[in-house]
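**Student:** The lines below spell out each chain.
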Amino acid sequence: MGNLLEQAGRLRPAPENFLSDEQVKAVASGRRDFLRKSFLAASAALAAPVVARATEGDPNILTNPAWTTSLGQPVAARPYGTPSQFESQLLRRESPGLARVGGASVSFCPLQGLFGIITPSGLHFERHHQGWVDIDPSKHRFMVNGSDDSLIKRPKVYTLDELMRMPSVSRIHFVECGANSGVEWANVAVPTVQYTHGMVSCSEFTGVPLKHLLDDCGVDYKKARYVLAEGADGSSMTRTIPMEMVESGEVFVAYGQNGEMLRPENGYPLRLVVPGVQGVSWVKWLRRIEVGDKPYATKDEAVHYIDLMPDGQHRQYTSIHEAKSVITTPSGGQTLLDKGFYNISGIAWSGRGRIKRVDVSFDGGINWQTARLEGPIQNKALTRFNAPWVWDGKPALLQSRAIDETGYVQPSYGQLRAVRGSKSIYHNNAIQSWKVVESGEISNVQVL
Amino acid sequence: MSRFSKSILSLAFAAVATSAFAFETYKGIGRPATPAEIKAWDIDIRPDFKGLPKGAGSVSQGEVVFEEKCASCHGTFGESNEVFTPLVGGTTKDDIKTGHVKALASGDLPQRTTFTKVATISTLFDYIQRAMPWTSPKSLQPDEIYGILAYLLNLSEIVPADFVLSDKNIADIQKMMPNRNGMKTDHGMWPGAPASKGGIGNGGKPDVQAKACMKNCKTEVLIGSIMPDYARNAHGNLEDQNRNFGPVRGVKTGESTVSAPKNSPELEMATISGCMACHGLNNKIVGPGYNEIQLRYKDQTDAEDRLSRKVRAGGQGAWGSIPMPANEHVKDADAKTLVKWILSGAK
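Heads up: the sequence lines are chains A and B, in that order. Following the numbering used here, the numbering of the first sequence begins with 1 at its first residue and continues without gaps. Following the numbering used here, the numbering of the second sequence begins with 449 at its first residue and continues without gaps.
Keep in mind that the hints were calculated from the coordinates and are not lab data. Even glycine gets a Cβ: it sits at the ideal position worked out from N, Cα and C. Don't take each hint at face value.
Stated by the list, open to error - Away from chain A, derived, C-beta distances all over 12 Å, residues of chain B:
id, residue
1, Ile544
2, Ala553
3, Pro585
4, Lys616
5, Lys666
6, Glu687
7, Gly694
8, Glu703
9, Glu740
10, Leu743
11, Arg760
12, Gly762
13, Gly768
14, Asp782
Unchecked claim - List of simulated lysine-lysine pairs, DSBU-like, C-alpha gap at most 30 Å:
id, chain 1, residue 1, chain 2, residue 2
15, B, Lys732, B, Lys653
16, B, Lys700, B, Lys746
17, B, Lys710, B, Lys700
18, B, Lys784, A, Lys211
19, B, Lys550, B, Lys475
20, A, Lys223, B, Lys710
21, B, Lys632, B, Lys653
22, A, Lys153, B, Lys623
23, B, Lys700, A, Lys394
24, B, Lys645, A, Lys222
25, B, Lys475, A, Lys211
26, B, Lys788, B, Lys732
27, A, Lys222, B, Lys746
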């Protein structure tokens, strides 16, 4: 930990805090000369100018910096604002070796440094099946048709002009790839929460409930119990979605994301929002909805996104994300700066509704305490939790456990594997553990 | 009631009756899809073969198409693991009889291939038609797809070498798919009606039942797995992936790349233009590596012009049969800059 004291931006505690327990005792016993000596020894390790002023106070306070003594930038110097020049670390990143071609790969969201529940659109995780495209919205068309003429009175075509005239809803929902945490099914494989859990993001989406459009086309809901969603990109990806979800009004055709249009990587200008269901069903660059009377067994529900069970059978049409949570700060690949107080912070979510409670443990799951949830708690959205923790400098095992409004409790690795084995790839929602060692370094471990 | 008020009432009733039809609700929005438009986009094929185009293709015809348009990614025998997971392998004659790929349960498979997983042959036709080949999806004709499928079925030892697959016999071949009985849906993760009500699954009942114990929940903590040392720095320097202020720092797991030189402007241009999706600087991906291109063309005086045109127009044959798609979005001057950069040893 010693070198951390010298890092840029490190806030230094008062000189007394450099003393060891023994030295503090010495000072307490009245040997004041010792304090002076050890302070000099400690400050010798620091940059000299800092030391010179440190007796009077913090030079960052004593000398006004340039930004306090000069004129700042004018408005609209950057017409589309960007993060501070000091925020270069939190980026979407690929996991080396996961995929051979960037067009059929994943980039992970840097959860280790994000706050609250909304993912900045530029940091939203990416999963593309045949590369991303940037579609001219004036040429984009959205079609609703039927697998059979008897299922729909009026197959129709809509433009963005028309869709954006319709009544809209704006809702905050998480989207998680079915394969999030997939590389960790059998054992620890990746070092940080960006790579273990970074295929989840959460945005406010705006669009038109699909039910309005199907009503407009005169769908026969008695017969048409499934919809097929299809993209306009090269992969023209397809997925089957149950009509019950569409009828509930939950599923919508979205063009907005966090107050602006969708980003191209997230399906500009139109994508499907299927709350609580894995991301592959949230078809991007949406061009067509077909209503049908049978499921479709598309590539991504018959070759991929099928969950291998220990008996050799695959589960097909798995869609819902069960309750899951993870501590994002502090987390794997990070180092605690000192002993003392820390705010443990993380995210929880459930595809079955609202998060009811999150518990945290510091001893690997022997004892638990309930974390504080940040409200308002949204349906099928990320929920931020926080819990106080005083690190005593000893090894610890940090965990979080989500419980949703149905009463479902997030399982441990032992409990999950007992039922599903370790080759499912998809829908790993096991409790994540972070091991803290004396040096303050945190690493990824699995507690059974 | 006067005749006048009666007529107002009947008008009001008429209005109510009309608004019950949903299409009047969003007046002026949307228009009927034409039959030709529906035909152009409605390309999906269901397990019951609804949507399947008519046609036929033999194993040997399929082999020719596969070699030309598929093999550079999937290998001549659909076995390659270089770009994507293998298509063929891992199934046995016995699996064809039972409809269960036995190796899935025994764990004997080093890797699951497409044929060990897929239960429905319609899925393969649908996917090849909508998304293959990788760089020019939707360019294959139905007969070519029948041929490719026949070839893959032959490689999987499901049909003989003289077989012709067609819309007439595809349902019979479905009955021989090695993992046709390998799917189950008795889980709680389908968000619609359960099987008991004509849908899928068990109605949302979770398979894993954990309890939320709070105190003294166990006597010991069993660690199942820890971060292996070799993987600690496999994701670069984690210090660079965390803020350098705040409650924590990233662990230093390698040299910092923050102050490392930025990518060359040409590499940025190549990345933005989409070139790097298929070409590596020093390795083949789908197309040749830039090092290979430099090696071949560096002494040819007309190479710069010729290759600049090829960047924009596409081409086929110089590096095997997989076509290079046209890249009309790359400006003429940019194409020249990129080619110059490649021929001088792209970095």
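**Student:** Just want to verify: Glu740 of chain B was marked as not at the interface with chain A; is every Cβ pair farther apart than 12 Å?
**Tutor:** holds (17 Å)
**Student:** Need the status of pair Lys788 of chain B, Lys732 of chain B: alpha-carbon distance at most 30 Å?
**Tutor:** Given pair Lys788 of chain B, Lys732 of chain B holds - Cα atoms ~19 Å apart, limit 30 Å.
**Student:** Going straight from one Cα to the other, do Lys710 of chain B and Lys700 of chain B come out at no more than 30 Å?
**Tutor:** Distance of about 21 Å is within 30 Å: holds.
**Student:** Run the C-beta distances from Ile544 of chain B to all of chain A and say if the shortest one exceeds 12 Å.
**Tutor:** Holds: least Cβ distance 16 Å, greater than 12 Å.
**Student:** Confirm or reject: Gly762 of chain B is not an interface residue toward chain A, with every Cβ-Cβ distance exceeding 12 Å.
**Tutor:** Since the minimum Cβ distance to chain A is about 15 Å, Gly762 of chain B lies beyond 12 Å and the statement holds.
**Student:** Holds or violated: are the alpha carbons of Lys550 of chain B and Lys475 of chain B at most 30 Å from each other?
**Tutor:** Distance ~57 Å between Lys550 of chain B and Lys475 of chain B Cα, so the pair is violated.
**Student:** Please verify that the nearest CB of chain A lies beyond 12 Å from Lys666 of chain B's CB.
**Tutor:** The assertion about Lys666 of chain B is violated, with a minimum of 6 Å to chain A.
**Student:** Non-interface claim for Ala553 of chain B: all C-beta distances to chain A beyond 12 Å?
**Tutor:** Per Cβ check, Ala553 of chain B is inside 12 Å of chain A; nearest 3 Å; violated.
**Student:** Within a Cα-Cα threshold of 30 Å, do Lys700 of chain B and Lys746 of chain B meet the stated pairing?
**Tutor:** Since the Cα atoms of Lys700 of chain B and Lys746 of chain B sit roughly 42 Å apart, the hinted pair is violated (cutoff 30 Å).
**Student:** With the threshold set at 30 Å, check whether the alpha-carbon distance from Lys645 of chain B to Lys222 of chain A stays at or below it.
**Tutor:** Holds: Lys645 of chain B and Lys222 of chain A sit about 13 Å apart, inside 30 Å.
**Student:** CA of Lys700 of chain B to CA of Lys394 of chain A, is that 30 Å or under?
**Tutor:** holds (21 Å)
**Student:** Just double-check Arg760 of chain B for me: nearest Cβ-Cβ distance to chain A has to come out over 12 Å.
**Tutor:** holds (18 Å)
The structure fails hints 2, 3, 5, 6, 7, 15, 16, 18, 19, 20, 22, 27 (numbered hints given earlier, in ascending order).
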